[in-house]
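Sequences are here, hints too, so could you generate the full structure?
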Amino acid sequence: MIIHSKYNKMQHRTQYIGCFLLAALSLLAVSCKKDEYKLPTASNKLQDQAIKRTLGPNIVGQQIEFAYAMAILPNKGKLVSCTAEASIAGDSGTWMENKSYFTDVNNSGKDTGVVIGSPAVTSGNTTTVTYTVDTSAATLRYYYVVPEAARGKTVSIKFTAKSSDGEMISTTMGPYTISKMDMKLNLKVTNKTLMYISIGDMAVYDSTGAAAHAGSIDLVYLYRTYSTSTFGHALVAPAADTTYLPGVILPSGVNRNAKLLKVFNLRDHNLAPDEQYGDTFIDDIDFEKIDLTGDPNYAINLKQDAGVWVETADGKYRAYVFVNKVATNTATLSMKRYTINNAK
Amino acid sequence: MNRNIIIALIALLTVSTWAACSKNIPVDEDGLLITTRKDCFVSSFELLGTDYVSVRVGAATIDTTALTVNVKVAFGTDLTHLYPQFTLAQDCKLSPKITGFVDFSDTLHPKQWTVISGDRQVHKTYSVIVSLQSR
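Residue numbers (the numbering used here), protein chains in the order written: chain A, 1 to 344; chain B, 1 to 135.
Among the hints, erroneous ones may be present.
Stated by the list, open to error - Within a straight-line C-alpha distance of at most 25 angstroms, the following computed SDA-like cross-link-like pairs (lysine to any residue) qualify:
hint, chain 1, residue 1, chain 2, residue 2
1, A, Lys188, A, Asp305
2, A, Lys192, B, Arg135
3, A, Lys325, B, Leu48
Stated by the list, open to error - Derived DEER-like restraints, expressed as beta-carbon distance ranges:
hint, chain 1, residue 1, chain 2, residue 2, range
4, B, Pro110, A, Glu288, 28 to 38 angstroms
5, B, Thr87, A, Asp241, 28 to 38 angstroms
6, A, Thr330, B, Ile98, 37 to 47 angstroms
7, A, Thr330, B, Ile129, 31 to 41 angstroms
8, A, Asn186, B, Thr80, 29 to 39 angstroms
9, A, Ile290, B, Glu46, 22 to 32 angstroms
Quick caveat, the hints were computed from the structure, so don't treat them as lab data.
Every residue, glycine too, gets a C-beta built ideally from N, C-alpha and C.
See below:
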């Protein structure tokens, strides 16, 4: 009797294991079964999609580029118009291309444009391209030049496409925060002539200009070579010790101080657009957070790709000056400048 | 019978695990391994500027008897913001720890760091003497 009971238990256990294995195999078979690919059914409505092509901070005077794609089934109609409406009217130079681009595989992958409509018409906040060809799909590029009125505010762009069957579709991009900072590229400085730099004016002066703008000269550019030390290219505040301004006779009234912090390899993409650097962007927050307390009023031995954080004596401006190029007795500088709200 | 064997096995496993974990590995207050090494010296020294580029002019002179590091820095170096880097003998550590830029502008009172040997028994205090290159 006991033997029979044990035999029954074993039999049950074997049955359970069998069932479990069968279930596991079935699951395995189902999980391995591939669904056949089916072409997705296209929507029969007018469709659109937009992307922002420009990276980094949105700076007054600079372009923000968008690409707006729109399409409708050919048997339903054709595209009629495309409109971009900015929440704050763009500055002069804001426009939309009347070309749709494709990648030409027969021409080394060149971005090739095909005219699809009349040139863009901008009126106030709105820029419109009206289609002149029979097309059911296109991607147009829109370039918004950030106006002074948008500084420190946010901007949205509403793209609208219309088709011949009366349909209309819209996509709103943004809101995008517009930086408070300014930017100036490729300021050429030369030893002993164009050597006086104003952060406030974002300009370079010779001695005559410096005398006329004495109250706004923050830095002096100089280039020196010594056998005993490496001086090279330097940015020095006019109020710095004369050791750092050898042979410089400052124009009358040029005597401001500044704080400088030398850095290397902080290659801002906006300041070095021709050098294809990565995605490093200096933005408003960097100027707000940098602390230049106790930093010196000179930076010597500057090389290409070096940079200098600057704070003006009155605390009104902070700037990042990037050294794009250097050569004997000359350098090319670019700068981003931020106005401090609570300046003394 | 089977139950007794399982209990015995579990007990054995517990005891062996406890024995394995109870090894007394000596570590100091920083969680660093205390070894038997008594070597205690600075083998090389570097000074970086705010741009994290070396400001040294020539190699630093390290005197392991006088316990000094003499280093000359380039003209125009901002002595208030320098980042020192020590290379020490194996298993040594430095006190105080270097956590950022150090002000070396008070040249009359050189900054000091203590090197502590691997066995944490030998302490040697080095003075870092920074001099500025003339123009």
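Hint check results:
1. A/Lys188 <-> A/Asp305: 15 angstroms, holds
2. A/Lys192 <-> B/Arg135: 19 angstroms, holds
3. A/Lys325 <-> B/Leu48: Holds, at about 24 angstroms.
4. B/Pro110 <-> A/Glu288: 28 to 38 angstroms: 37 angstroms, holds
5. B/Thr87 <-> A/Asp241: 28 to 38 angstroms: Holds, since B/Thr87 and A/Asp241 (Cβ atoms, about 34 angstroms apart) stay within the stated range.
6. A/Thr330 <-> B/Ile98: 37 to 47 angstroms: Since A/Thr330 and B/Ile98 have Cβ atoms about 39 angstroms apart, the given range 37 to 47 angstroms holds.
7. A/Thr330 <-> B/Ile129: 31 to 41 angstroms: Hint holds: Cβ distance 38 angstroms, inside 31 to 41 angstroms.
8. A/Asn186 <-> B/Thr80: 29 to 39 angstroms: Roughly 33 angstroms apart at Cβ, these two residues keep to the hinted range, so it holds.
9. A/Ile290 <-> B/Glu46: 22 to 32 angstroms: Once the Cβ atoms are compared, 25 angstroms apart, the range 22 to 32 angstroms for B/Glu46 and A/Ile290 holds.
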